[in-house]
Structure formats: C-alpha cells, structure tokens
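With the hints as extra help, turn the sequences into a complete structure.
Number of protein chains: 2
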Amino acid sequence: MATEILKVYGDRKSQPTRAILIFCKANGINFEEVEIKLFSGDAQTPEFQAINPLKKVPAISHGDFSLFESHAILTYLACWYQVSDHWYPTDLRKRAKIQCVLDWHHTTLRYGSTRYLINTVLAPVFGKSPNPEAAAEYEQKLVESFSTIETLWLKSDAKFLLGNDKPSVADLSLVCEIMQLHMISEEKRNRILGPYKKVQQWIENVKVAMDPHFDEVHQHLLDAIATFEQKP
Amino acid sequence: MATEILKVYGDRKSQPTRAILIFCKANGINFEEVEIKLFSGDAQTPEFQAINPLKKVPAISHGDFSLFESHAILTYLACWYQVSDHWYPTDLRKRAKIQCVLDWHHTTLRYGSTRYLINTVLAPVFGKSPNPEAAAEYEQKLVESFSTIETLWLKSDAKFLLGNDKPSVADLSLVCEIMQLHMISEEKRNRILGPYKKVQQWIENVKVAMDPHFDEVHQHLLDAIATFEQKP
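Residue numbers (my numbering), protein chains in the order written: chain A, 99 to 330; chain B, 99 to 330.
Careful, some of the hints might be misleading.
If chains are identical, the list can't say which one is meant, so a pair holds when it fits in one copy or spans any two.
[Unchecked claim] Pairs of lysine-lysine, DSBU-like flavour, derived with a Cα cap of 35 Å:
#1 K264 / K226
#2 K105 / K123
#3 K192 / K226
#4 K253 / K105
#5 K253 / K153
#6 K226 / K257
#7 K286 / K226
#8 K296 / K154
#9 K253 / K135
#10 K153 / K295
#11 K154 / K192
No wet-lab data here; the hints were simulated from the structure.
Since the model is a prediction, treat every value here as computed from it, not as a measurement.
Written as structure tokens, this is what we have:
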C-alpha cells in the first residue's frame, strides 16, 4: 500500500494547500502536485468532484482513497508515512494538544484572517466593495488570535508552539495562514503583527525549519500578490 | 495512569459539552461533571482558567493534564479509554474520514447554527436586537450544511455518517449541534430541517444508539428553553 500514488490537488495561493505541499516536501514524501486553480473552472470538473464533492482545495488522492480538509490530510499523511514523531506525536496527550491548536485555528485565526482579507484587498475578487466596518471587526478577531498565540501557545521560550523544540503540523498550518497577510500593505501588517514579537520570531523559526521548501512553495503567492498589486 | 480522575467542565446548554458527557456515559467512563455556567462568572475563576486559559467550555482535566476544544477532547478520550473502535477507528483511512467531518463541522454546520441563533432567539442574551438580514444569511449556511450531510455524509443507506453502521464521535458532535435548534419554533425548525429526511432519520438513529444518555443529557437544554420561552 505504501507505493500507492499520492496526488495533492490545490493552488499555492491557498494557505492549506501550501501547508500540505511543504509537509510532503519537508518529509521527503513522493507526490504529484495537481494544480486546481482558484476562481477557475478547475474544481468544477467531474474528475475533481470525484476527489472532493465539495469542490474545494486542498484535497488528496492516495490510490483509490481520497480526502479533503487540510488538518485531516496533514494528520493522515503524518501517520501513514510515519514521519518524525514531532510532527504529530504518538503520545496521546501531546497529540491531543496539537489537535486542540488545530481545532482552535478554524474558529479564530483562520476565521479572522480570511474574513479580514475578503473585506479588504480581496473584496474586488468577490465582486464586492471593501467593507471597512467588517474589516475592523475581523482585524480585532485577528489581533485576538495573535494575542492567544503569543501568550498561550508560545508562552514558554521554546521555538515552536506548545513548548516544542521541533515543529508540528499545527505550526505549519498556522504559519501558512499568517503568510496570507502578505496580501496587505507592510504598514497594515506591521500594525496588526507588530506588537507580537514572539509570533514574529516563531514565524521565522518555522520558515528556517522548513527551508528551502517554505520559501519555494510561497514564491507563487508572493508573485501573485506582486501582479495583483500592479493592477489598477 | 488509567485511574487518574477525569473531570468534565461545562454547561449542558453548550452543545459540545453535551457531546462529551454523552460520550463518557455511553462508554461507561467514570468522570466527575463540574458545572461551569454559561453567562456567569464560573469561567472567570483562577481555578477554571488553570484548566482553560481561554475561559471557554467544554474542557477537561485528567490528573494533571488539561484540554479544551471538544473534538480534541472526544478523540483523546476515545484513544485513552480504548473505547469500541467504531467511535474513532484505528484504521488510518476510516479515522481520516472522521477527522474530515469534524473539521468540516467547524466552518459549516457550527458556523451557520451558532450565528443563526445569535441573530435570532439569542440576540437578547447578547444585548442585541435580532438581525433578520444576518439571520437569513446564516440560515442559508445552515441549509447548505444540511444539504451536505444529506447528500454527502449520508449518501449510502447506512444508519450513520460515512456509511457506518455504528456511530462515531462525528455523529455525536454534529447531532448535539443540531439539537441546539430546539431553541427556535417548531415551524422554523421544520422549514430548515423539513426537506432533509435522511438527516431527520439519522438524528433519531443517534438518539436511539445513545439511549438513555442522549435524552438525559439534553433534558437540561429543553428545560432551559421552556423557561426561556416563558419570559416576556
């Protein structure tokens, strides 16, 4: 079974897609990347709907098995390929704490970040005008999330979340989310992230730990942003 | 270690609290229930903040280990107590599918349900007026969630999600969420849930499978709703 072909379907502009790609590369997992472009018809084809009937990226196929939801994918791959224990520990209590961070992510950091961007720079992509009132509300949610990361998940002096000296799937998932904020101006990003020095150091720690895969996988996002910013 | 005392902190009006209580009772797990009343000062005490610094229920303590986020708690307990495999299968692919449903829950059913209620019957609790426009938006999200459960997660004729003949932690978590809709009138509930016959049958299947614990744990919610409705 270990020789079944793994395909990762996604778009590198999608933060959970990037987390899966970096995870595979950092762990030497053989896979084929299948681009499913956001805002294109790629997710509407019968072929992709056989992988994810909800038509969203990221998703994987692994032989005749298919899966979506990035956290489920990351933990499945960590177990299937028996990667180094720090990614998703076999110890039940360490694993439970990582699941806690992953669950927390859905309703806090991810919730605030995606909605902040949709109500600011991404509004035109959805055919809407930026909504400063909604943006302020979600910026507040985002700031609260950074405060929780700084004071709770990074409360020790360890390099990674939960007092760990090596990264887990939670570090990777959260940092890929935060990288999405490169869509906004440096000034705004500093306003939001500036007060959180531990968060800034942790982002660097994750980048370094995943080198060179982190930068390579993120280059597409940064290029896309540069192109996007040149538009009138 | 298996003799460490398990305490479950929560309020039976909270849907994820109920899921954990029912899970423990259905599996004969010894635990102590510690009531942390919603909208009271219970979550603000130093004692509770030592369990969950984010001051939210549900949470558990298990000896000197503590944990929050209900999905992380359910999967931790399933593994720690080695309950019947159907709750959270050891088979990696079956387990991954359950994680997928749990992750999906956060951003769809739970997202729609809680915000629908906050913008309708629960608005006064948060010192706000009901917001019909927001309510319509979240009702739509809720309806989409039921459509996904009906056509994707229950697509076979099996009694439970994902084609299973026995319930998993995902069945329990989602049905406890849906039970929150008893806060709205039967007419409105029928409007939203009426078209989804498989979902209705599945809710019954989960209730029956958890009998008598499901009804016993939900009685407090139903009593609270009855009291709430009598208020002017």
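Hint-by-hint comparison with the structure:
no., hint, result
1, K264 / K226, "neither (42 Å within a copy, 45 Å between copies)"
2, K105 / K123, "within (13 Å within a copy, 41 Å between copies)"
3, K192 / K226, "neither (43 Å within a copy, 40 Å between copies)"
4, K253 / K105, "between (37 Å within a copy, 25 Å between copies)"
5, K253 / K153, "between (38 Å within a copy, 17 Å between copies)"
6, K226 / K257, "neither (40 Å within a copy, 42 Å between copies)"
7, K286 / K226, "both (21 Å within a copy, 31 Å between copies)"
8, K296 / K154, "both (33 Å within a copy, 24 Å between copies)"
9, K253 / K135, "between (38 Å within a copy, 28 Å between copies)"
10, K153 / K295, "between (38 Å within a copy, 24 Å between copies)"
11, K154 / K192, "both (30 Å within a copy, 21 Å between copies)"
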